Amino acid sequence: MADDEKQTRDDFADAVNMTASQLEDWLDSDESKEVGQKSSGASESTGHESGRHIVRILRKKQGDYTDDDHAHMRKVVGYVARHIEQRPSGDVEDTRWRYSLMNWGHDPLK
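Counted from 1, the sequence shown has number 24 at position 24 by full-length UniProt numbering; the numbering is strictly sequential.
Quick caveat, the hints were computed from the structure, so don't treat them as lab data. Please read these numbers as outputs of a predicted model, since none were measured by experiment. Hints may be right or wrong, so weigh each one.
Listed below are the simulated DSS-like cross-link pairs for lysine-lysine, each with C-alpha atoms no more than 25 Å apart in a straight line [unchecked claim]:
1) 6 x 61
2) 33 x 110
3) 75 x 38
4) 33 x 75
5) 75 x 6
6) 110 x 60
7) 60 x 6
8) 61 x 75
9) 75 x 110
Label pairs and their calculated CB-CB ranges [unchecked claim]:
10) 62 x 28: 24 to 30 Å
11) 66 x 3: 17 to 23 Å
12) 66 x 21: 21 to 27 Å
All residues carry an ideal CB built from backbone N, CA and C; glycine is no exception.
Modelling step: build the complete structure from the supplied sequences, incorporating the hints.
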């Protein structure tokens, strides 16, 4: 299990290229709150909620990661990999595509 967890941490570190502070500042922006899918009755999108969990993970020591943290890391890695494949053509700086990725801790312009 330790090898799987290390691979998960490595993949997560590759996928998430924003610091906890950068992500937290981003999540406070209007642009961040305007993108993503919301579950029925939810006030927050799935990606925005994910971003808050990513901030908590980034602020923890590796030894304090829970099974839920590792599961979320795998979810983030999968989401980022799938979403990158859907990159629209042209300038993506002010696109919902980029904003959605940023909610998941990945800024494709970095």
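Hint by hint, here is what the structure shows:
1. This hinted pair checks out: residue 6 and residue 61 have alpha carbons roughly 13 Å apart, not beyond 25 Å.
2. Distance check on the hinted pair: residue 33 and residue 110 sit about 21 Å apart at the alpha-carbon level, within 25 Å; holds.
3. Restraint check for residue 75 and residue 38: the C-alpha separation of about 17 Å stays at or below 25 Å, so the hint holds.
4. Taking the CA atoms of residue 33 and residue 75, the gap is near 20 Å; set against the 25 Å cutoff, the hint holds.
5. Simply put, residue 75 and residue 6 have alpha-carbon atoms about 15 Å apart, close enough for the 25 Å limit, and the pair holds.
6. With a C-alpha separation of about 23 Å, the suggested pair residue 110 and residue 60 falls inside the 25 Å cut-off, and the hint holds.
7. A C-alpha spacing of about 15 Å is found between residue 60 and residue 6, which places the hinted pair at or below 25 Å, so the restraint holds.
8. Distance hint between residue 61 and residue 75 is fulfilled; the C-alpha atoms sit about 19 Å from each other, no more than 25 Å.
9. Taking the CA atoms of residue 75 and residue 110, the gap is near 21 Å; set against the 25 Å cutoff, the hint holds.
10. Restraint check, residue 62 to residue 28: a C-beta distance of roughly 26 Å satisfies the suggested window 24 to 30 Å.
11. Evaluation of the 17 to 23 Å hint for residue 66 and residue 3 yields a pass: the beta carbon distance comes to about 18 Å.
12. At about 22 Å, the CB distance of residue 66 to residue 21 agrees with the hint of 21 to 27 Å.
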